[in-house]
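Q: Here the protein sequences line up with chains A and B, keeping their order.
In terms of the working numbering, the numbers along the first sequence are unbroken and rise by one, the last being 319.
In terms of the working numbering, the numbers along the second sequence are unbroken and rise by one, the last being 98.
Treat the hints as calculated values from the structure; they're not laboratory data.
Do not take every clue at face value.
Pulled from the structure, derived: some chain B residues nowhere near chain A, Cβ distances all over 12 Å [unchecked claim]: (1) Q14; (2) G15; (3) G19; (4) L34; (5) D36; (6) A40; (7) G81.
Output of the computed footprint for chain B on chain A, the stretches with three or more beta carbons under 8 Å from beta carbons of chain B [to be verified]: (8) 115-122; (9) 149-161; (10) 269-283; (11) 291-298.
Covered stretches of chain B, going by a simulated chain A footprint (3 or more residues, C-beta under 8 Å) [to be verified]: (12) 43-52; (13) 55-66.
Glycine included, every Cβ here is placed at the ideal spot set by N, Cα and C.
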Amino acid sequence: MFATDSAVSAGDKTRGVLARWGIGRARYRVLPGLYSLGSPAQDSPVFVSANYKLSFDVLRGALAGLDAWLLVLNTRGINVWCAAGKGTFGTEELIWRMAVCDLKAVVRHRTMILPQLGAPGVAAHEVAKRTGFRVVYGPARAQDIKAFLKNGMKADRAMRTVDFPAAERLMLTPVELAQALKYFLGYAALAALWFLGFRHGNLGGLLAQVLPILGAVLTGTVLVPALLPWLPPRSFALKGWLAGLLWAAAAAGLWHAKPLVWLGQVLALPALSAFLALNFTGSTTFTSPSGVNREISLFARPMAVSFLAGLALLVAGGL
Amino acid sequence: MRYLKAVATLKIDQGRCTGCGFCLNVCPHEAIALDDEKAAVQDLDACMECGACAKNCPAGAIAVQAGVGCAYAIINGLITGGPPDCGCGEGGKTSCCS
Numbered sequence: 001m002f003a004t005d006s007a008v009s010a011g012d013k014t015r016g017v018l019a020r021w022g023i024g025r026a027r028y029r030v031l032p033g034l035y036s037l038g039s040p041a042q043d044s045p046v047f048v049s050a051n052y053k054l055s056f057d058v059l060r061g062a063l064a065g066l067d068a069w070l071l072v073l074n075t076r077g078i079n080v081w082c083a084a085g086k087g088t089f090g091t092e093e094l095i096w097r098m099a100v101c102d103l104k105a106v107v108r109h110r111t112m113i114l115p116q117l118g119a120p121g122v123a124a125h126e127v128a129k130r131t132g133f134r135v136v137y138g139p140a141r142a143q144d145i146k147a148f149l150k151n152g153m154k155a156d157r158a159m160r161t162v163d164f165p166a167a168e169r170l171m172l173t174p175v176e177l178a179q180a181l182k183y184f185l186g187y188a189a190l191a192a193l194w195f196l197g198f199r200h201g202n203l204g205g206l207l208a209q210v211l212p213i214l215g216a217v218l219t220g221t222v223l224v225p226a227l228l229p230w231l232p233p234r235s236f237a238l239k240g241w242l243a244g245l246l247w248a249a250a251a252a253g254l255w256h257a258k259p260l261v262w263l264g265q266v267l268a269l270p271a272l273s274a275f276l277a278l279n280f281t282g283s284t285t286f287t288s289p290s291g292v293n294r295e296i297s298l299f300a301r302p303m304a305v306s307f308l309a310g311l312a313l314l315v316a317g318g319l
Numbered sequence: 001m002r003y004l005k006a007v008a009t010l011k012i013d014q015g016r017c018t019g020c021g022f023c024l025n026v027c028p029h030e031a032i033a034l035d036d037e038k039a040a041v042q043d044l045d046a047c048m049e050c051g052a053c054a055k056n057c058p059a060g061a062i063a064v065q066a067g068v069g070c071a072y073a074i075i076n077g078l079i080t081g082g083p084p085d086c087g088c089g090e091g092g093k094t095s096c097c098s
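The whole structure should be built from the sequences, with the hints applied where relevant.
A: Structure, rendered in structure tokens:
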């Protein structure tokens with residue numbers, strides 16, 4: 001058994017922010033097992049969580065002033081929602097972890113509180129049948145836990161349902177942005193070699209080549225998530241394509257591109273934004289896999305063809 | 001916010017439903033309601049196919065094609081010919097699961 005507390009330090013917060021950018025994320029874990037928070041006794045509540053440290057910190061931070069048990073499952077360092085989808089935050093791991101930690105000897109009651117977003121992985125009736133423990137699904141967000149306890153362990157409508165406010169959307173944008181920037185920097189390095197090396201320090205040419213593409217990357221990864229409810233199409237690819245088209249129009253004005261380059265931008269930039277915006281479906285809490293499948297079967301080929309053709313024109317225009 | 005219309009695969013077999021209402025508890029989008037003591041799909045387009053209802057139905061009355069909903073995973077699956085996989089987790093090269 002391990003001891004923890006509800007104090008999330010400045011160091012924890014910094015490492016949490018870095019993890020959101022993908023830095024050290026795969027190693028950002030806590031050991032699975034049973035943790036005591038405060039001075040829990042045999043009748044203290046049991047909360048179940050994932051061993052992604054960001055998830056663990058959010059939970060213990062929300063439990064300030066309470067005495068509780070935290071049962072941390074081995075989700076391979078992945079958050080509750082994604083792990084439930086993969087089954088690692090699941091019935092089998094839960095039952096096994098309860099046995100390993102001898103939970104039934106630690107507490108006298110027979111109730112465990114699981115995060116609502118873990119429900120896709122755990123069959124409550126299975127757990128009850130095999131262990132005698134009742135699974136209660138708590139609120140979707142840890143910050144509602146105290147209200148949930150006060151409410152007699154009942155999650156009301158607002159605690160159960162998930163919306164997706166701008167702050168939450170923006171918090172999830174660094175992942176895609178960091179991934180996309182890696183590819184962008186490779187492209188920018190090649191362009192820099194050409195314009196600054198072989199074209200003797202043509203900085204204007206370099207910027208005109210790479211900034212429109214950087215703008216399309218930011219449009220797809222940050223602007224579309226930020227403006228999600230206000231971009232009319234329901235399809236994420238179309239949201240991205242539309243925003244990318246507006247950016248392409250702005251870029252044409254900003255850099256007075258010649259017709260060949262302009263055509264390249266119109267083909268490449270909206271397609272790139274569309275692809276990146278479609279990837280954001282992975283971060284939302286309202287897009288169905290069937291819907292994403294539909295989008296991919298409709299748009300994957302047109303996006304790829306349009307992007308590659310546009311990129312070829314951009315490169316040709318820059319030579 | 002709403003996603004594509006009429007694509008979700010959520011189906012409820014009312015013949016098997018016992019009306020326990022557990023599915024209502026686990027649905028994050030209120031896609032299911034009790035109608036005359038039986039669970040019924042009240043808002044199909046709100047369903048994100050997370051599968052929580054089907055997994056937690058003691059009567060096995062709910063069917064939904066639940067799965068990984070991110071484009072990255074689905075494209076990966078199409079390329080490798082396997083199931084959708086975002087590569088997060090043990091030995092994974094990428095990490096999109098924040």
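Q: Hints first: check each against the structure and report whether it holds.
A: Against the structure, the hints come out as follows:
For Q14(B), the condition that its CB be more than 12 Å from all CB atoms of chain A holds, with the nearest at approximately 19 Å. Distance to chain A confirms G15(B) as a non-interface residue, since its nearest Cβ pair spans about 19 Å, more than 12 Å. Interface exclusion of G19(B) from chain A stands, the closest Cβ pair being 15 Å apart, more than 12 Å. Every Cβ of chain A is farther than 12 Å from the Cβ of L34(B); the closest lies at roughly 14 Å, confirming the non-interface assignment.
Distance check for D36(B) against chain A: the nearest CB is about 21 Å away, which clears 12 Å, and the non-interface claim stands. For A40(B), the condition that its CB be more than 12 Å from all CB atoms of chain A holds, with the nearest at approximately 18 Å. Listed as outside the interface, G81(B) is consistent with that label: its C-beta sits roughly 15 Å from the nearest C-beta of chain A, beyond the 12 Å cut-off. Against chain B, the segment 115-122 of chain A contributes 6 residues with a C-beta closer than 8 Å to a partner C-beta. That satisfies the three-residue criterion, and the hint holds.
Given a C-beta distance limit of less than 8 Å, the hint that chain B covers the segment 149-161 of chain A holds, as 4 residues qualify and 3 suffice. By the rule of at least three residues with a Cβ nearer than 8 Å to a Cβ of chain B, the coverage given for the segment 269-283 of chain A holds, with 5 such residues. Taking a C-beta to C-beta cut-off of 8 Å, the segment 291-298 of chain A contributes 6 residues in contact with chain B, enough for the three needed, and the coverage statement holds. Here the segment 43-52 of chain B counts 7 residues with a CB under 8 Å from a CB of chain A, which clears the bar of 3, and the coverage holds.
Only when three residues or more bring their CB closer than 8 Å to a CB of chain A does the claim for the segment 55-66 of chain B stand; here the count is 5, and the claim holds.
Checked against the numbered hints given earlier, this structure breaks none of them.
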